[in-house]
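Given the coordinates of chain G, work out where chain Y should sit on it, guided by the hints.
There are 2 protein chains.
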Amino acid sequence: MANLPPPGTPPDDMVPVGDLKYAEDSVCPAGCVTPDEELVRFVTNRVLQELQGRTITPESPKLVPVGISARHCHLTEEALAALYGPGAKLHPYRDLRQAGFYAAHETVTVVGPRMRAIENVRILGPTRKYSQVELSRTDGFMLGLSLPVRDSGDLDGTPGATLVGPAGSLRLEKGAIRAIRHIHMSSEAAEAWSLRDRQFVRTEFEGEKGVILTNVLVRVGKGQILEMHLDTDDGNAADLVNGDMMRILD
Amino acid sequence: MANLPPPGTPPDDMVPVGDLKYAEDSVCPAGCVTPDEELVRFVTNRVLQELQGRTITPESPKLVPVGISARHCHLTEEALAALYGPGAKLHPYRDLRQAGFYAAHETVTVVGPRMRAIENVRILGPTRKYSQVELSRTDGFMLGLSLPVRDSGDLDGTPGATLVGPAGSLRLEKGAIRAIRHIHMSSEAAEAWSLRDRQFVRTEFEGEKGVILTNVLVRVGKGQILEMHLDTDDGNAADLVNGDMMRILD
Chain G
1 MANLPPPGTP
11 PDDMVPVGDL
21 KYAEDSVCPA
31 GCVTPDEELV
41 RFVTNRVLQE
51 LQGRTITPES
61 PKLVPVGISA
71 RHCHLTEEAL
81 AALYGPGAKL
91 HPYRDLRQAG
101 FYAAHETVTV
111 VGPRMRAIEN
121 VRILGPTRKY
131 SQVELSRTDG
141 FMLGLSLPVR
151 DSGDLDGTPG
161 ATLVGPAGSL
171 RLEKGAIRAI
181 RHIHMSSEAA
191 EAWSLRDRQF
201 VRTEFEGEKG
211 VILTNVLVRV
221 GKGQILEMHL
231 DTDDGNAADL
241 VNGDMMRILD
Chain Y
251 MANLPPPGTP
261 PDDMVPVGDL
271 KYAEDSVCPA
281 GCVTPDEELV
291 RFVTNRVLQE
301 LQGRTITPES
311 PKLVPVGISA
321 RHCHLTEEAL
331 AALYGPGAKL
341 HPYRDLRQAG
351 FYAAHETVTV
361 VGPRMRAIEN
371 VRILGPTRKY
381 SQVELSRTDG
391 FMLGLSLPVR
401 DSGDLDGTPG
411 ATLVGPAGSL
421 RLEKGAIRAI
431 RHIHMSSEAA
441 EAWSLRDRQF
451 VRTEFEGEKG
461 VILTNVLVRV
471 GKGQILEMHL
481 DTDDGNAADL
491 VNGDMMRILD
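Protein chains in written order, with the working numbering: chain G, 1 to 250; chain Y, 251 to 500.
Calculated from the structure, these hints are not laboratory results.
Any given hint might turn out to be false.
Unchecked claim - The calculated label-pair distances, taken between Cβ atoms and stated as ranges, are: (1) Leu499(Y) to Arg196(G): 46 to 52 Å; (2) Glu191(G) to Glu309(Y): 41 to 47 Å; (3) Gly153(G) to Leu499(Y): 34 to 40 Å.
Just so you know, these numbers come straight off a predicted model, no measurement behind them.
We put the CB at the ideal spot given by N, CA and C, even for glycine.
So that you can see chain G by itself, here it is in the shape it has in the complex (with noise of 0.2 Å):
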């Protein structure tokens, strides 16, 4: 009844919405529901995606596609060079939402200051010009790390982190953060809403679990795909999957 298959072995035909469907236990794995509600969720979701349509107009619902991301890091190429070894590669394992952006086969330790380690946590492709952990709190709890809200790249005075790879470690002065609430929007839809760049907004999410996310960051770009980026423990508290939509209130 509510036992559910292990994580990591999705059904091949469910599409990924989000970021790493199933890279973390701490994320929604596609089994995280039962598959009748699953198979509900996934068809109303692509429904209202379909309806909301390409074409954003000032008519259009404010709705935007989830993704949750579990806890993974951007490293540089030097990095990359230290926990894999001189001249290593990311190989693509699954195209994000975002153009040109991958998670990557390659995974690494992350050790912190209580000496207690997070395995298998995903590097996310391509490489960066700074290295970057991000968790949720519920994660630095564990590894003994206060996580401040952090915009991806805004590291000055985090704290750091111990990397392990199977070539090396690394440690990391700063770059681990939890990543501040954000909305990917293009240029289009936020002229049709009515938005601006780096503003913040509400967002809603009915159910019994339901919430209102305040200081959700817009960042509108050229070419950007709509999606709103929450970290795990915004997810859980809302009993989020990927691909749920919420909806902008401001």
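The following block gives chain Y in isolation, referenced to the frame of chain G:
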């Protein structure tokens, strides 16, 4: 800077406001914010509680202190005997805010259908007429349990789990739930605020991880101490610590 003392070593002068302040990694330990922040927050919350006073009037701001419930269980006498031996008794470890209830020294290990275990799950006393394990959705993913949101004791159709104690193990056929968000409230407070038993309200917490929680159940009863109980997913999504004040919106 952001490195923390290990949970379980709170300063002795911190009075626990919520239920299970130090019980688990996933609940905010005393050191989850920096000492200065913590002190300011602690004093602020205390002042707010004093301002609110013991007598709630219609004019009192509808502020409710939060208690984050870490994973825990309630057991029948029979279940306790199976786990801790015939005639075993619970030994109070820390009083809860609600009079007569306590966190016990005794804990259990909870094992789910993936055969993964969560250790040190606190037993709350006294024993009850039913056995029940209260977990978060995060815990459920780890264990492989799809946990319905239920009021305490409403256990028909809920999944089970295996409990392990020092004297034996026990298979619960049902009883694994996520506790519904709820507020304990005295009849006097409910009358002053024009709220009814079993009513649902919305509550708000501001901040960079601000939320409005919908579907918070009001439970009115004689002698109930005003307090809102949330699970660790809700608490971590909103950056709450025990004793933070949430405002009732409806």
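Quiz item: Regarding glutamate 191(G) and glutamate 309(Y), is the given constraint of 41 to 47 Å on their beta-carbon distance met?
Solution: holds (46 Å)
Quiz item: Taking the CB of glycine 153(G) and the CB of leucine 499(Y), does the distance hold inside 34 to 40 Å?
Solution: Distance hint for glycine 153(G), leucine 499(Y) holds at roughly 35 Å.
task = Hint says 46 to 52 Å; check whether the CB-CB distance for leucine 499(Y) and arginine 196(G) agrees.
result = With Cβ atoms ~27 Å apart, the hint is violated.
The structure shown violates just one earlier hint, number 1.
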